[in-house]
Structures are given as C-alpha cells and as structure tokens.
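Chains A and B are the protein sequences, given in the same order.
Per the working numbering, numbering of the first sequence is gapless, rising by one per residue and ending at 81.
Per the working numbering, numbering of the second sequence is gapless, rising by one per residue and ending at 1332.
Please keep in mind that the hints were generated in silico from the structure rather than gathered at the bench.
Predicted, not measured: the structure shown is a model, and the values here were computed from it.
Treat each hint with caution, since some may be false.
Examples of chain A residues toward chain B, derived with CB under 8 angstroms [what the hints assert, rightly or not]:
| no. | residue |
| --- | --- |
| 1 | Asp34 |
| 2 | Asp37 |
| 3 | Ser40 |
| 4 | Thr45 |
Keeping only pairs whose Cα atoms sit at most 25 angstroms apart, straight-line, the calculated BS3-like set for lysine-lysine is [claimed, not checked]:
| no. | chain 1 | residue 1 | chain 2 | residue 2 |
| --- | --- | --- | --- | --- |
| 5 | A | Lys53 | B | Lys1067 |
| 6 | B | Lys1045 | B | Lys1232 |
| 7 | A | Lys53 | B | Lys1269 |
Even glycine gets a Cβ: it sits at the ideal position worked out from N, Cα and C.
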Amino acid sequence: MADTNEILAGLAEIVAEETGLDAAEVTAEKSFTDDLDIDSLSMMTIVTLAEEKFDVRIPDEEVKNLTTVGDAVTFIEGAQK
Amino acid sequence: MTSLNIKRGAEFTRILGLGVARGENAVPNEDLIEPINSSDEWIRKMTGIATRVRADKDTSVLDLSEKAARDAIAHAGISADEIDTVILSTITYPHMTPGGAPIVADRLGLTAAAYDISAACAGYCYGIAQADAFVRAGTARNVLVIGAEKMSDFVDPADRSISYLLGDAAGAVVIGASDTPGIGPTVWGSDGSGAQLIRQTSSWLDVRDNPETAFPTLFQEGPSVFKWASFKMAPVALEAIEAAGVTPGDIKAFIPHQANVRIIDQMVKQIGLPDTVVVGKDIVDSGNTSAASIPLATERLKRDGLVQSGDLALQIGFGAGLVYAAQVVVLP
C-alpha cells in the first residue's frame, strides 16, 4: 500500500504525463480544473490511470468531488484500505 | 427417423463493395454554439469536430440508406437481385414498425430477407458479424449491411452532452463469398450495467402519459462514456487482432467508430498501435454518425489514398447499450 507522499508523487506523474506540466507543479492544494486546466475527459484519463497504478476503484460519480489533487490523494488512500 | 437437409455456405467471406451517403449539409461549429453557450474552440478541443454532415429536412434514413446501398452494390460488381438479405442498423428510423430494411429492399427491387437491428454505434460491426455468419452457414449468398442514421432528428440543440457531435449519413457494404478469408472472427459483447450512459431522454410511454414530457432526444454521460470507450475497448480490439491470427504490425488501418477524436487518440495509445497504422478520423468533417461512421471513415481513407483494396483494417464499433463489436477485415 502506498502512503500519502507516494500517492501524491504517483498522481503527480500521471497528471504530468497527461498535461505536459512539470510534476513538481502538481501539489496537493492545486485545483484540477482551475489551476491545472484539466478538462473532464483528461480527468477521466487521470482517474483511470490512478486506478490502475494504485489498484483502487474510483467511481465515476465520485470524480466530481475530487476538486483538488489533495482530494484525490485522500480518496485513493481511503480506497486502498 | 427422417433427417433434415441442411445448407452449407462458403468457406470464406469478404466485403465485396462499399458505398456511403453523407447528409447534404456540412454544419460548422459556429452554427451550433449559441444554444449550448459554447465556442468553436471548445468543441474542437473536446471532440476534434470541425463540421458535421446533416441531411435536409426531407431526406430520410431510408433515402440515405438507398443511396449508400446502390453505391455498395455497384462497387461490389454484382446486380442488385443477387442480394438475398438486407440488414439495416439504425436507431433513428422514426417508426417502431415496420422496420426500414424491407422498404429499402423494395426500393432496390428486392424481396430479400430484410430486417433492422438496434446496436447503436456498434451496429455496423454487428451487421458484419451476422452477414459473415449467414454466408458461411449458407443462410445467405450476398448480404447488404447498412448503417444509417439521421441523428439530427433526435437532438436537443441546447443539450451540451452530445447534440453537437451528431451527424446524418449512411454507409453500406455487400458481404459475400471469397476464395480467401476476408473477415476475421468478431469479438463482441455488451455491458447493460451502463445502459443509462447513452440514452433516449424519455420513453414513448412517458410522452403519451405526460403532456409536459419533451420530445425524446439523445443524451450521454460524456466523461463516463469516454472512460469506458477509451480504456475498455482497447482489450476488445487486441482480442480481435489475436482472433484473426495477425499482429498489430500487419494492420494497415484502424477504423474505430467515430465517436470523438479524444476517444480515438486514447484508444490508439491503449492498443499500442504502431505509427505505420493509419487511423480513420472522418469525424473531423462528418461528425459522429453512429452506425454509419465506420464505413464513412473507410470510404474517406480510400478516397484520400491512405488505404487500398486488400489492406487489413481493424474496425471496432461501440456505443449505447452498452454494446461493442470488433473484427479485422480485408478492405474492398
């Protein structure tokens, strides 16, 4: 099981790959839409790749609640247990 | 005990001919953005679509079907009376009954077996699967498969989920006997747990029972459909390649249902297709024409000189149901 920092680092890699941003810019307080300019389809790609990487399920209806990178890290951490 | 005769058909089948009919009007994004409070840039970014073809008010699903069918029969080099089965895949023929296929057959001067199928954006590949099986079983000699839609009759211009993607067109092929294998095994299936992801907004009974109910139109949960199509369809495509006994390197063209350029691009990535494979993207100019989109994209690749008769193409249809089907075919 990955800890909080490992999840954040892994998620940052996925976001960087999808958006072309530097992974260092993907910090917990950043909003996916407002700060990272991630649209609804890119968000689904990120969610799917995160599901595969961390072996968790993130229901589609949950995605709208994942406003910030930190929200996603918290959800993934909880879903691992 | 008396035994029954059975028929045996051809050992192999192939697509003998292809024809298409696009709606008469190329509708640019600018014409659709006001009711959805959007922009040309947003539609291009989210879908890759620049224009979609839409038919005149008086042009019907059957008109588009007939035109595509006549071209497919001419391309196949057979006479219409050699067609003994007509399969029409459509979700926008506006009659529950009778089906459209017998009427198309009649317009072609045929009394062939004729029926409609409802498999939405997978309908063309479902039709190919049936036609291939019929010819090999001896149930039919030459099958006309048509995917035809007039999606514009079932859009709400103010809907931001799907309305601006959709176009009107028909694509048709003739499937018949071949000396060599021309249609690989079909890999197909469904996931009815996702039935609500792409749907008619209300049933005909809702319309009857509640005068407030709006005329039914199409709606989709766009991000969920994107996720399903982009990531769940890649293994299906790979299975079709494997079932055909070829490798991704043998494939000349990838011709998926033209749902959204973003889906197509993600599928290419997930399947891991080499750069040598040309990818059908007729959606940019024709929009999403549901059951017609794969033959349209095939015709476009041929017209642009990117594929030739005899090339191998991987085609995959997927959509409302959820349903999907994929097969590797030799292009006509």
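Tested hints:
1. Asp34: violated (17 angstroms)
2. Asp37: Constraint on Asp37 of chain A not satisfied, violated at 11 angstroms.
3. Ser40: holds (5 angstroms)
4. Thr45: Constraint on Thr45 of chain A satisfied, holds at 7 angstroms.
5. A:Lys53 with B:Lys1067: Violated. Lys53 of chain A to Lys1067 of chain B sits at ~49 angstroms, over the 25 angstroms cutoff.
6. B:Lys1045 with B:Lys1232: Within the cut-off at roughly 23 angstroms; holds.
7. A:Lys53 with B:Lys1269: Given pair Lys53 of chain A, Lys1269 of chain B holds - Cα atoms ~17 angstroms apart, limit 25 angstroms.
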